[in-house]
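Going line by line, the protein sequences match chains A and B. When we follow the numbering used here, the leftmost residue of the first sequence carries the number 1068, and every step to the right adds one. When we follow the numbering used here, the leftmost residue of the second sequence carries the number 1068, and every step to the right adds one.
Keep in mind the hints are simulated off the structure, nothing from the lab. Keep in mind the model is a prediction, meaning the values are calculated, not measured. Check each hint, because a few of them may be wrong.
Claimed, not checked - Stretches of chain B that chain A covers, calculated by requiring three or more beta carbons in the stretch to come under 8 angstroms of a beta carbon on chain A: (1) 1082–1090; (2) 1104–1114; (3) 1144–1156; (4) 1170–1178.
Stated by the list, open to error - Residues of chain A clear of chain B, computed beta-carbon distances all greater than 12 angstroms: (5) A1181; (6) V1183; (7) G1234; (8) R1279; (9) A1302; (10) D1305.
Cβ coordinates follow ideal geometry from the N, Cα and C atoms, glycine included.
Protein chains: 2
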Amino acid sequence: MPSRELVVLGTASQAPTRARNHNGYFLRWDAAGLLFDPGEGTQRQMLFAGVTASQLTGICVTHFHGDHCLGLPGVLQRMALDQVTHPVTVSYPAESGEYFGRLRRAALFHDSLALVERPLSAAAVVTETPAFRLEARPLSHRVPAVGYRLTEPDGRRMLPAALAAHGISGPDIALLQQFNVITLPNGTLVPIDAVSEPRRGQKFAFVMDTRRCEAAVDLARDAELLVCESTFADAEADLADSYGHLTAGQAGQIAADAGARTLALTHFSQRYTAGDLAKFADEAAAWFTGDIVIANDLDRIPIPPRRQG
Amino acid sequence: MPSRELVVLGTASQAPTRARNHNGYFLRWDAAGLLFDPGEGTQRQMLFAGVTASQLTGICVTHFHGDHCLGLPGVLQRMALDQVTHPVTVSYPAESGEYFGRLRRAALFHDSLALVERPLSAAAVVTETPAFRLEARPLSHRVPAVGYRLTEPDGRRMLPAALAAHGISGPDIALLQQFNVITLPNGTLVPIDAVSEPRRGQKFAFVMDTRRCEAAVDLARDAELLVCESTFADAEADLADSYGHLTAGQAGQIAADAGARTLALTHFSQRYTAGDLAKFADEAAAWFTGDIVIANDLDRIPIPPRRQG
Chain A
1068 MPSRELVVLG
1078 TASQAPTRAR
1088 NHNGYFLRWD
1098 AAGLLFDPGE
1108 GTQRQMLFAG
1118 VTASQLTGIC
1128 VTHFHGDHCL
1138 GLPGVLQRMA
1148 LDQVTHPVTV
1158 SYPAESGEYF
1168 GRLRRAALFH
1178 DSLALVERPL
1188 SAAAVVTETP
1198 AFRLEARPLS
1208 HRVPAVGYRL
1218 TEPDGRRMLP
1228 AALAAHGISG
1238 PDIALLQQFN
1248 VITLPNGTLV
1258 PIDAVSEPRR
1268 GQKFAFVMDT
1278 RRCEAAVDLA
1288 RDAELLVCES
1298 TFADAEADLA
1308 DSYGHLTAGQ
1318 AGQIAADAGA
1328 RTLALTHFSQ
1338 RYTAGDLAKF
1348 ADEAAAWFTG
1358 DIVIANDLDR
1368 IPIPPRRQG
Chain B
1068 MPSRELVVLG
1078 TASQAPTRAR
1088 NHNGYFLRWD
1098 AAGLLFDPGE
1108 GTQRQMLFAG
1118 VTASQLTGIC
1128 VTHFHGDHCL
1138 GLPGVLQRMA
1148 LDQVTHPVTV
1158 SYPAESGEYF
1168 GRLRRAALFH
1178 DSLALVERPL
1188 SAAAVVTETP
1198 AFRLEARPLS
1208 HRVPAVGYRL
1218 TEPDGRRMLP
1228 AALAAHGISG
1238 PDIALLQQFN
1248 VITLPNGTLV
1258 PIDAVSEPRR
1268 GQKFAFVMDT
1278 RRCEAAVDLA
1288 RDAELLVCES
1298 TFADAEADLA
1308 DSYGHLTAGQ
1318 AGQIAADAGA
1328 RTLALTHFSQ
1338 RYTAGDLAKF
1348 ADEAAAWFTG
1358 DIVIANDLDR
1368 IPIPPRRQG
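Turn these sequences into a full structure, and let the hints guide you.
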């Protein structure tokens, strides 16, 4: 399986349909597994998708409307049942922290979990490791809501031909990567720049329920994959605004303004048929020239290859 | 559709499987609609089964293990979304009332519901109407748990031939039913017994997580339909006892001791395949000679016809 992919667990807003479960998105990112917005039924959708509770290293909740969080108790209790003992960070808007408390203790179970609660009261870094930084920013919805952005640090890609030309191989490569320079047996100093090129870190953004706002664009800046709600078609722009949601066209504008690479549209109102949703891609494409995916339940969306330079 | 039937929404204990959602059972009983033990995903299972939130008149929770209650927030929030304004009685074991409180307020929504909360601290009548009495009794599980029994009052069935022989028709039949006797134009008194026969009320019982106990048999007494957990096969009787559950054979014994008519087995451990479950019917049949149904998701089980006498 790809080491970096988004597994779509559910794509319905507000009310599930025959074809669409409530929200749920699992981001596999090397050894990390981030679950975004587990709506009701996420536990079973994970089963259908082959995602296990033990693969979760973090859970990110954007806000506490039911379609974004009612699957949390089932996921947590399944983690306990499966004896997941590694720490799992759970982040959510601090203003609605009481809801997290209720969801965590929604039913009787043996709570052996090592949850690290990370209530977010403003723009904040959720977790930072050598592998990536996960950060959150407040969005503009009817209730406190945040979006998320994962950023891999920039690095360098070693060039096999250049290494061979200098006779650098084996453990010397690791030394070079550690110290950024190596002295050859003949006394020549080879800086890492001479045998490698910059490797841009990959970025992932998750923008759920929100009106258009600057923070959504900031989160999505240069993202290889932007998952963005598009509850409504452009014709319902007034409705979208009054309920604090985006249209497909507005999601396309955000992706374009941010210079994102792939836009995955999701969180569709139950009013739309599959035929209607095909037009969502057109509405987004009016603004955004990158790849557009209409997310369907159990889709697997690979993180696009790194950009060069 | 039949006026009295059980719509099976889910049949899995503890962990859902590809074929079985967590528990959930909708009893359609004339104008009443009782939802028993809504596990996670019940909202969507209702959609698949064609059951709407507006059909619910009562919700009965046996206990607060997640597989019996985590669908409650979704159902309640769906009722609010669908603008259900009629009173809905929600009953549950009083000792675990804090969990109901959390589930009711598990996410942000406009709570316009007219819920009548009915915490049960001992054997009690939940609701009583001219149409039926719904009562609960404590069972023997690892946590506070109750079972439910619905009883229709006994009545009388009018006999068309006897009515015709006495020349009784039209509005006179209603008068006879109201006063139990009618005076004919020729002065003859006709008691209702002469033109009718006893009509036994129907009974339904819902026995979930429990060890064998007297209360389970009392709840199931003479039931036309007994829905009974059988988490384990008889070979796992020790496991069943230690976790406070029944085996298929024990469910059969309860049905037999109670003189029930149809036994619907459900709440199966994820360890069993469809092939294993076929043997559950045999194990119950070693004790119980009535009809046995292995419940599957989205099954519709009609309430058997009335017994005579």
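Task: Contradicted hints - numbers only - done: Hints that this structure does not satisfy do not exist here, as all of them hold.
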